[in-house]
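A.B. asks: Work out the full structure, taking the sequences as your base and the hints as a guide.
Number of protein chains: 2
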Amino acid sequence: MIVLLTLLFTGGATFAQTFSMEDDGKWEIGANTHRGARFPKLHPDGRVWFQFEAPPTAQSVKLHIATEEYDMQKDADGLWNVVIPKTKPGGQIYTFNIDGVHFRDPASLPFYTGGITSELEYPAPDDEYYLRRKDVPRGDVREHYFYSEVEQKFRRAFVYTPAEYEKNVNKRYPVLYLQHGAGESESEWVHAGLMNIILDNLIADGKAVPMIVVMNNDFVYRPGEVPGRMDLAPDWAGNYKDMLFNESIPDIEKYYRTIPDAQHRAMAGLSLGGMLTNQVGLENTDMFAYYGLFSGGLAGDPKTAHGGVMADAEAFNKKVKLIFQSCGSLERPEGMLANIEELKAHGINAVGYVSPDTPHRWMTWRRSFYHFAPLLFK
Amino acid sequence: MIVLLTLLFTGGATFAQTFSMEDDGKWEIGANTHRGARFPKLHPDGRVWFQFEAPPTAQSVKLHIATEEYDMQKDADGLWNVVIPKTKPGGQIYTFNIDGVHFRDPASLPFYTGGITSELEYPAPDDEYYLRRKDVPRGDVREHYFYSEVEQKFRRAFVYTPAEYEKNVNKRYPVLYLQHGAGESESEWVHAGLMNIILDNLIADGKAVPMIVVMNNDFVYRPGEVPGRMDLAPDWAGNYKDMLFNESIPDIEKYYRTIPDAQHRAMAGLSLGGMLTNQVGLENTDMFAYYGLFSGGLAGDPKTAHGGVMADAEAFNKKVKLIFQSCGSLERPEGMLANIEELKAHGINAVGYVSPDTPHRWMTWRRSFYHFAPLLFK
Numbered sequence: 001m002i003v004l005l006t007l008l009f010t011g012g013a014t015f016a017q018t019f020s021m022e023d024d025g026k027w028e029i030g031a032n033t034h035r036g037a038r039f040p041k042l043h044p045d046g047r048v049w050f051q052f053e054a055p056p057t058a059q060s061v062k063l064h065i066a067t068e069e070y071d072m073q074k075d076a077d078g079l080w081n082v083v084i085p086k087t088k089p090g091g092q093i094y095t096f097n098i099d100g101v102h103f104r105d106p107a108s109l110p111f112y113t114g115g116i117t118s119e120l121e122y123p124a125p126d127d128e129y130y131l132r133r134k135d136v137p138r139g140d141v142r143e144h145y146f147y148s149e150v151e152q153k154f155r156r157a158f159v160y161t162p163a164e165y166e167k168n169v170n171k172r173y174p175v176l177y178l179q180h181g182a183g184e185s186e187s188e189w190v191h192a193g194l195m196n197i198i199l200d201n202l203i204a205d206g207k208a209v210p211m212i213v214v215m216n217n218d219f220v221y222r223p224g225e226v227p228g229r230m231d232l233a234p235d236w237a238g239n240y241k242d243m244l245f246n247e248s249i250p251d252i253e254k255y256y257r258t259i260p261d262a263q264h265r266a267m268a269g270l271s272l273g274g275m276l277t278n279q280v281g282l283e284n285t286d287m288f289a290y291y292g293l294f295s296g297g298l299a300g301d302p303k304t305a306h307g308g309v310m311a312d313a314e315a316f317n318k319k320v321k322l323i324f325q326s327c328g329s330l331e332r333p334e335g336m337l338a339n340i341e342e343l344k345a346h347g348i349n350a351v352g353y354v355s356p357d358t359p360h361r362w363m364t365w366r367r368s369f370y371h372f373a374p375l376l377f378k
Numbered sequence: 001m002i003v004l005l006t007l008l009f010t011g012g013a014t015f016a017q018t019f020s021m022e023d024d025g026k027w028e029i030g031a032n033t034h035r036g037a038r039f040p041k042l043h044p045d046g047r048v049w050f051q052f053e054a055p056p057t058a059q060s061v062k063l064h065i066a067t068e069e070y071d072m073q074k075d076a077d078g079l080w081n082v083v084i085p086k087t088k089p090g091g092q093i094y095t096f097n098i099d100g101v102h103f104r105d106p107a108s109l110p111f112y113t114g115g116i117t118s119e120l121e122y123p124a125p126d127d128e129y130y131l132r133r134k135d136v137p138r139g140d141v142r143e144h145y146f147y148s149e150v151e152q153k154f155r156r157a158f159v160y161t162p163a164e165y166e167k168n169v170n171k172r173y174p175v176l177y178l179q180h181g182a183g184e185s186e187s188e189w190v191h192a193g194l195m196n197i198i199l200d201n202l203i204a205d206g207k208a209v210p211m212i213v214v215m216n217n218d219f220v221y222r223p224g225e226v227p228g229r230m231d232l233a234p235d236w237a238g239n240y241k242d243m244l245f246n247e248s249i250p251d252i253e254k255y256y257r258t259i260p261d262a263q264h265r266a267m268a269g270l271s272l273g274g275m276l277t278n279q280v281g282l283e284n285t286d287m288f289a290y291y292g293l294f295s296g297g298l299a300g301d302p303k304t305a306h307g308g309v310m311a312d313a314e315a316f317n318k319k320v321k322l323i324f325q326s327c328g329s330l331e332r333p334e335g336m337l338a339n340i341e342e343l344k345a346h347g348i349n350a351v352g353y354v355s356p357d358t359p360h361r362w363m364t365w366r367r368s369f370y371h372f373a374p375l376l377f378k
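These protein sequence lines are chains F and Z, in that order.
The numbering of the first sequence is the numbering used here, which starts it at 1 and goes up by one.
The numbering of the second sequence is the numbering used here, which starts it at 1 and goes up by one.
Derived from the structure by calculation, the hints contain no laboratory data.
Treat the hints with caution; some may be incorrect.
Cross-link-like lysine-lysine pairs, in silico, DSSO-like; alpha carbons within 27 angstroms at most [unchecked claim]: (1) Z/LYS321 <-> Z/LYS254; (2) F/LYS153 <-> Z/LYS88; (3) Z/LYS153 <-> F/LYS167; (4) Z/LYS321 <-> F/LYS241; (5) Z/LYS62 <-> F/LYS74; (6) Z/LYS62 <-> F/LYS171; (7) Z/LYS134 <-> F/LYS86.
If you're wondering where the values come from, they're calculated on a predicted model, not measured in any experiment.
C.D. replies: Shown next as structure tokens:
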């Protein structure tokens, strides 16, 4: 590696270094880049090399990734570069900050977090469960449209159907309704969460039963409503409930070969989607028998929460088979785990999971899904 | 409408106007914007209002859309704006040029043309065939993965299955293999071309037979090959043929309920995808019975082209039922139409179509698909 440090006088009357680096032939293009992209590159030693073309008038360009910020430097071609020693494992959102305004990396495939973002897939020591394996039959993820009377327009859901769904044409399947987080869209459980790969692998290994997974967009607006704080409509949970119960579920049960009863329906979500699961799902235990709250909401005091539906544990357990709660270890899991103990002590089948060393990001939720899905419909 | 023109002295020692505009309440957010986006907006009178946040150091920002270029002006908040009188109908790629470097609009949903782009959906007088109708059953578009030995990695295809595919679980379907253009990806026949909406509508109206449509990515690289000119591998058509014939078609015929013979396979594509149809498809008439070349390639001289396979029209017609060629009227259609006449005179079922007043862009190919699909498998 050779780094040339050159002082030069720029038009903006500032001094800067010129970035230069010898490619030792070991750098490989990142997984989420599109065809023809040359950066970001990953080195086997863990470093990541970013390159970005900013306008020639740019005075300062910084890379923001995970919780880190790095100054970038111009190279001889006027492109801005930085090599970082490492970053957090899993999918990491990053942006380039040009003089205070953030831009996505045009080299990245599009992800949706607070708008269309760029994301680097960084290796993780425990990545095997979300990598595609040649020996595993692959389910399809479908872009599925249905008309919403609540919104007065067509909505798109992503729907996963397991590989065997195509062959067992007379078999019917249970359904998991899976919600995303604030700032995201119906695409992200697949594109950032890799739920389809995880579930394909679990099914192939006999660890999860084949199921359909329906991913709606959390955000539902009635005509005239505009996105408010956090993009939410005034009655965001009520709107979602009307869309889910009156439109999405009936549509799914008409279109796909589902087992259309509560014992074969689950509801789960991350962050805002966990809150929806809490406020829409656990308030309606005639609809779902399995619940997953990932980094979002708690089932609450079993004696009083949700209008006291859990108070009679025996009656509750006839309907609800599982309450799963999870978060990252960096999300202060104590309250979540204490609630799990309360629920268990009350006689409810509650399972808590803490993702080691992860924050409120996708690595927590990939792992949560991996630990949650095997508990469903058994 | 009030436009304030104010001369002011900027840091860059240039004179500029301050953009200001009164919103008359009739502006509506464009169709391809994501949740929470406020621009671009369309006015019923045809105008489009773009707004963009450039770095504060930007000296000049321009909008590029279709073949037009417009200067943008800063408003009092430092945001760059322009209102354009109109643009071309259909999906129009646009970028913001900051001091010579192009950026996509973060307000736009992502499209893929020469990388991740922004696209404005502008109203067209003949748009009915590509709008979703409430009375029309909707097919799904699936993200479908299969392992490629040619590339030594997993590939994604988009696969359309018609709505009735879910109900008629013992019925088998013909398959159209549909290729995209240079600079695009396997997603664009759906996201920019709206082929799923067009085909849903055609099937519901009894104009097209229900079929499966498989959209692969045109670009196939063997290990070690890097994208060259136009992103192409050295033997791009040969690589594609090996992927399509040895991997994609067998995979599709194993995974889906297809009718696995040449009389129930079609191949078509736009631009580069038309060239692939020409070089891979028409060179192998044992594989497909229907061909569509949209703005890309010509079947050629019926006496000599493709090793003389068309020379004996009677023998050829036993295998091949249709050669469809199309382009926009602004693409110099004379050569294409002359070739259609040659083919017809030779006794081959050839159909030519010219899209009125359109260039080498999606409006030509949406219309081409609309005119081509009803001719298949009948």
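A.B. asks: For each hint, tell me whether it holds in the structure or not.
C.D. replies: So, going through the hints one by one against the coordinates:
1. Z/LYS321 <-> Z/LYS254: 25 angstroms, holds
2. F/LYS153 <-> Z/LYS88: 25 angstroms, holds
3. Z/LYS153 <-> F/LYS167: Given pair Z/LYS153, F/LYS167 holds - Cα atoms ~25 angstroms apart, limit 27 angstroms.
4. Z/LYS321 <-> F/LYS241: 51 angstroms, violated
5. Z/LYS62 <-> F/LYS74: Satisfied, since the Cα-Cα distance of roughly 24 angstroms is no more than 27 angstroms.
6. Z/LYS62 <-> F/LYS171: 57 angstroms, violated
7. Z/LYS134 <-> F/LYS86: 50 angstroms, violated
The structure fails hints 4, 6, 7 (numbered hints given earlier, in ascending order).
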